[in-house]
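Participant: Listed here are the chains, written in short residue letters.
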Amino acid sequence: MDSESNDMENNSSADIERKIEKTIYQAALALDKNNWADWFKLCDDSFFYSITSFSPEISKDMTYFSGDKKELIGLMEMLPKHNTDHSPLHRHTSVYTIDVSDDGKTAESVSSVVIYQNMLDGINSHLDSGESRLFVIGKYHDKFLINDGVPKFINRETKIDNRRLDKGSHWPL
Amino acid sequence: MPPRNHKNWLKVPKIEHISSACYNNHSIYEQEIEHIFAKVWVPMCHFSEMSNDGDYRSTQIAHQNVVAVNTKGIVKVFLCPSIDRPAGNGFDTSGLKELHSELKHGGMVWTTLDPNPTQSVEEWTCGAFDCIADAIDSEDMEVFHYHKAVIDTNYKLWHDTNSEFYHDFMHYFNRVSGFNDEYFARKNIPFDNGHVNVSSFTVNYEEYDGFEDRGELSFPNLPPNQWYMVDLFPGFNFNLRGSAYRSDTVTPLGPNKVLIEFRGYGLKKDTPEERQTRIKHHNSIWGPFGRNLHEDLIGVAGQGTTMREGTEARNILHGRHENSTIHDEVGMRHYYEAWGKFLGVSPANPLGLATDDMIAAE
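As given, the protein sequences belong to chains A and B, one line each in that order.
For the record, in the first sequence the residue sitting at position 104 is 104 according to my numbering, with numbers rising by one throughout.
For the record, in the second sequence the residue sitting at position 239 is 1239 according to my numbering, with numbers rising by one throughout.
Treat the hints with care, as some may be off.
Stated by the list, open to error - Now the in silico label distances, taken between C-beta atoms and shown as ranges:
| no. | chain 1 | residue 1 | chain 2 | residue 2 | range |
| --- | --- | --- | --- | --- | --- |
| 1 | A | 41 | B | 1008 | 54 to 62 Å |
| 2 | A | 33 | B | 1053 | 47 to 55 Å |
| 3 | A | 37 | B | 1352 | 52 to 60 Å |
| 4 | B | 1337 | A | 74 | 40 to 48 Å |
| 5 | B | 1120 | A | 54 | 47 to 55 Å |
| 6 | B | 1216 | A | 54 | 54 to 62 Å |
| 7 | B | 1011 | A | 70 | 43 to 51 Å |
| 8 | B | 1011 | A | 68 | 36 to 44 Å |
| 9 | A | 61 | B | 1098 | 29 to 37 Å |
| 10 | A | 108 | B | 1097 | 49 to 57 Å |
| 11 | A | 74 | B | 1082 | 43 to 51 Å |
| 12 | A | 141 | B | 1269 | 25 to 33 Å |
| 13 | B | 1216 | A | 101 | 33 to 41 Å |
| 14 | A | 92 | B | 1179 | 40 to 48 Å |
In case anyone wonders, no lab produced these hints; they're calculated from the structure.
Computed from a predicted model, the values in this text were never measured in an experiment.
Idealized CB from N, CA, C, for every residue including glycine.
Whole structure, please, built from the sequences with the hints as guidance.
Facilitator: Structural data, given as structure tokens:
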């Protein structure tokens, strides 16, 4: 097999889909560890992130948080100066669909995500600490740019079903 | 001064104070529902949430289900035995008892369970909104943000955090963008019925790394980057910060549990670009993933933890007198004076318990 056909084989649609799936799971692992640097490595410089929801209460699509890669890096760098609930978040992600464009240069995917919060503290830390509570449910709507067979996030919309968010968070979901 | 031991700590202070029993006693909570929340005007929602003919919006006030219905542009509010949706279109109100209601102060829908209110909304708020009236009443507003939080804390602790400003030290954002002479000169201004507002100053958003000046967009008749606050008794807050307006509405769920509903507003006439800017500015500070709201909620959850039912009552000092400037506790004193009158109790001893000082005096 010559190198050109080898490249074609590596960059086949199925192979790209596997790489995209792996990238989504790597992102979940990095985010679970608050390893923002590793998460940003999976994102193209044009990356844009948002957390959205629909409110039946006000009959509107809403954006709860948004920012480009530069803004996100800045916000994460400022976190040590803020008071944040450090109860860890755990993302359970299942990739449902991946659609690679005909030219193989871009792709879109939809994944289910359920995020649990493992309590560090609570109204009674003797009882509450160590308990895991459901934090949010929703879907990741991701877009990728594929260069040399490597997919990178260019857009992630974390579309959550929740409008009740209690204490909220300083962290991307 | 020697350090205070436990006995000294519990002694009746010689300055203004309240008891932590105000925050954790079930009997007091029940009295608050009956004598405060069932009597006062409540801003239950905004007209833009129900702007079409037939739209309705529901809520719960003092354990009663309430629904506001738009009938050809006129809003009427009814007591409703049961309702299974927060909003919708088409609601049969036949046979339901109508409540007093008004559309006032920037398009809020106000209602009261009191069948014979002695004051209109204008009389009840008695000037507390005057400082922002030109900004919120000149153009129609529209809600663009809604989320809610259920927090294990007393509803008054949330209102307190909107009333005392020394908790600003908890916010890195406020420390860098606001702590200057102009900030420390802000005035707390009391109004009848326990309301307070806080005068404005110029926020220097660009002092926070990554943020830019926000003077490009404001509200009508509001100079750029201003920040006004209206704290309305017993637990409703209206916050105008540069390009975004926010309201908080509390529904007490118990002595140590509260539902807080957060709304963000822009102008109905906003261009798509203006609306996006307002949303972004709103979210950066006040969104559920913003810089300050998360910190505020951590703070009051912590207060709720330390003052929950069963903990030893302690005295909470309200003794700062600083010419009514920003960290003067005049707003807190004013609120609890009204609160005590509504319940017929002293906030310093709301359960009427005999104190060691009283016993010693006898």
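Participant: All the hints need checking, so say for each whether the structure fits it.
Facilitator: Comparing the hints with the structure gives:
Distance hint check for residue 41 of chain A and residue 1008 of chain B: the Cβ-Cβ separation is about 57 Å, which falls inside the suggested range of 54 to 62 Å. A C-beta distance of roughly 52 Å is found between residue 33 of chain A and residue 1053 of chain B, which places it inside the suggested range of 47 to 55 Å. Here the CB-CB span from residue 37 of chain A to residue 1352 of chain B is close to 59 Å, well matched to the stated 52 to 60 Å. For the hinted restraint 40 to 48 Å between residue 1337 of chain B and residue 74 of chain A, the CB-CB distance of approximately 45 Å keeps it satisfied.
The beta-carbon spacing between residue 1120 of chain B and residue 54 of chain A, approximately 36 Å, falls outside the hinted interval of 47 to 55 Å. Separated by about 29 Å at the C-beta atoms, residue 1216 of chain B and residue 54 of chain A break the suggested range of 54 to 62 Å. Residue 1011 of chain B and residue 70 of chain A have their C-beta atoms about 56 Å apart, which leaves the hinted 43 to 51 Å range violated. Our hint of 36 to 44 Å for residue 1011 of chain B and residue 68 of chain A is violated, since their Cβ atoms are close to 57 Å apart.
Between residue 61 of chain A and residue 1098 of chain B the Cβ separation comes to about 33 Å, which falls inside the hinted range of 29 to 37 Å. For residue 108 of chain A and residue 1097 of chain B, the Cβ-Cβ distance of about 52 Å falls inside the hinted range of 49 to 57 Å, so the restraint holds. As the Cβ distance of residue 74 of chain A to residue 1082 of chain B is approximately 48 Å, the hint placing it in 43 to 51 Å holds. Between residue 141 of chain A and residue 1269 of chain B the beta carbons are some 30 Å apart, a value that agrees with the proposed interval 25 to 33 Å.
Checked against the hint of 33 to 41 Å, the C-beta distance between residue 1216 of chain B and residue 101 of chain A comes to roughly 37 Å, which is consistent with it. As the Cβ distance of residue 92 of chain A to residue 1179 of chain B is approximately 42 Å, the hint placing it in 40 to 48 Å holds.
In the structure shown, a violation is registered for the earlier hints numbered 5, 6, 7 and 8, in ascending order.
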